[in-house]
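Asker: Each chain, written out:
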Amino acid sequence: MSKVRVLVGTKKGAFILTADGKRDKWDVSGPFFAGWEMYHLKGSPADPDRIYASQTSGWFGQIIQRSSDGGKTWETPGGEKIPQPGEFPSGQSNKFVYDTSSATGKPLTTHQFYDGTQHPWEFKRVWHLEPSLTDPDTVYAGVEDAALFRSTNGGATWHELSGLRGHGTGPQWSPGAGGLGLHTIILDPSDPKRMYIAISAAGAFRTDDGGATWKPINRGLRSQYIPDPNAEVGHCVHHVAMSPKRPGTLFMQKHWDVLRSDDAGDNWHEVSGDLPTDFGFVIDVHAHQPETIYVVPIKSDSEHFVPEGKLRVYRSRKGGNEWEPLAKGLPQSNCYVNVLRDAMSVDTLDPCGVYFGTTGGQVYGSADGGDSWTAIVRDLPAVYSVEAQALP
Amino acid sequence: MIRVVIPAHLRTLAKVEGEVKLEVAPPITQRSILDALEEQYPVLRGTIRDHGTLQRRAFLRFYVCEEDWSLEPPDTPLPEPIASGKEPFLIIGAIAGG
Numbered sequence: 001m002s003k004v005r006v007l008v009g010t011k012k013g014a015f016i017l018t019a020d021g022k023r024d025k026w027d028v029s030g031p032f033f034a035g036w037e038m039y040h041l042k043g044s045p046a047d048p049d050r051i052y053a054s055q056t057s058g059w060f061g062q063i064i065q066r067s068s069d070g071g072k073t074w075e076t077p078g079g080e081k082i083p084q085p086g087e088f089p090s091g092q093s094n095k096f097v098y099d100t101s102s103a104t105g106k107p108l109t110t111h112q113f114y115d116g117t118q119h120p121w122e123f124k125r126v127w128h129l130e131p132s133l134t135d136p137d138t139v140y141a142g143v144e145d146a147a148l149f150r151s152t153n154g155g156a157t158w159h160e161l162s163g164l165r166g167h168g169t170g171p172q173w174s175p176g177a178g179g180l181g182l183h184t185i186i187l188d189p190s191d192p193k194r195m196y197i198a199i200s201a202a203g204a205f206r207t208d209d210g211g212a213t214w215k216p217i218n219r220g221l222r223s224q225y226i227p228d229p230n231a232e233v234g235h236c237v238h239h240v241a242m243s244p245k246r247p248g249t250l251f252m253q254k255h256w257d258v259l260r261s262d263d264a265g266d267n268w269h270e271v272s273g274d275l276p277t278d279f280g281f282v283i284d285v286h287a288h289q290p291e292t293i294y295v296v297p298i299k300s301d302s303e304h305f306v307p308e309g310k311l312r313v314y315r316s317r318k319g320g321n322e323w324e325p326l327a328k329g330l331p332q333s334n335c336y337v338n339v340l341r342d343a344m345s346v347d348t349l350d351p352c353g354v355y356f357g358t359t360g361g362q363v364y365g366s367a368d369g370g371d372s373w374t375a376i377v378r379d380l381p382a383v384y385s386v387e388a389q390a391l392p
Numbered sequence: 393m394i395r396v397v398i399p400a401h402l403r404t405l406a407k408v409e410g411e412v413k414l415e416v417a418p419p420i421t422q423r424s425i426l427d428a429l430e431e432q433y434p435v436l437r438g439t440i441r442d443h444g445t446l447q448r449r450a451f452l453r454f455y456v457c458e459e460d461w462s463l464e465p466p467d468t469p470l471p472e473p474i475a476s477g478k479e480p481f482l483i484i485g486a487i488a489g490g
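Listed in order, the protein sequences are those of chains V and G.
First residue of the first sequence? That's 1 in our numbering, and the numbers climb one at a time after it.
First residue of the second sequence? That's 393 in our numbering, and the numbers climb one at a time after it.
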């Protein structure tokens, strides 16, 4: 029987939730890396027992952790002894250095800061890790200040794909309230050279040549809170999702507005429809039904918790515009949590499992595509990220 | 032997308990101690000093014989009690919150 593993990153450590294919009884292991902020954990599609984790701290900076046994044991790749002169260089898995080489064609030194002035790029942390679809040793990292890095040796060393920052609009990118983070990385299963990323607050970008060159894909986004609401960049994209069954169709939760694109991001149109509020962070797509999507509407601009004290996932079976609230098993009074951008995931079993974590420390799961929910665990630290894996 | 006390999170990361003891060739300075510490525990590279600039991370302080040496030049020789191992070199995380 198939199994499910859910990787949970929280403000104070990581947890791993496991169940069989029925998904009604769960084991909770952890905390791993107790006390550290765990921004994201994700397993390799090519080897599900290879898991990468971003461990970070305001005091001690960035650490990359790697497991090769499904999270039972962990290692810091590149943590070997410093080599003697003449020996092969050791890895430095937490060394993220921005590319300032002449090969980029221009110095990539500054971006726009909160006050409108130009500010140097400064590495702060890894927000998102995206393992390759085919190679367990290749993994991408989206970092703050926004940039995309790639490792081809299991996370031991990292190199920036500087064509993203260098494509031309980089100096116009400015941080959102949470920082200038590259938080979304989507690999296209039908085209190994196509990749999508999103940045708060710059927008969405696409490469069609494996990361060498990039272009903004924000046509159709409209953001009232920026000087030019239809600008090429500057939009606070919160998350983007794509069904591997229908590459090229993308769904976006922006700071305000839920949108879709059916041409790989070249054009977007709003599908917020009858949502109670079109602000939110997460968005995800059903594993088997490419027109079934999920969001969690959030009250904003300032509150950042669910409306009316009721935790409700909204599902559209028509790719947007028409939404239904999913509340069975979720608290419907006195609930004031948020669901952060990387804190929802689906598994690939049938029926599709849907999972999300809250800033109140609950992780909810549905084994029936969202019709009903149960709390897998209730009292974790604030949940930053949730990633589900279906295992044979 | 040079004695070094590191924050609890870094002890976990380096898989050590209590004080760290290091063989450090003279001169005994902040730089020579940190170089030796990172050589013995490579996982600590980047957690105390920036990888590139080797600047102290903002929320860490270095204490020597009950004095804050964080802003002293890294190559200044440290006092005899540190060099002889009578006193530990302290790496302390800033306390945040209330």
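Please keep in mind that the hints were generated in silico from the structure rather than gathered at the bench.
Treat the hints with care, as some may be off.
Some chain V residues near chain G, calculated using beta-carbon distances under 10 Å [said to hold, decoys possible]:
1) Trp59
2) Phe60
3) Gly61
4) Ser93
5) His159
6) Thr277
These figures come from a predicted structure and were not determined experimentally.
Using N, Cα and C, we set each Cβ at its ideal position, and we do this for glycine too.
Asker: Of all the hints numbered above, which does this structure not satisfy? Sort the numbers upward.
Answerer: Those not satisfied are hints 5 and 6.
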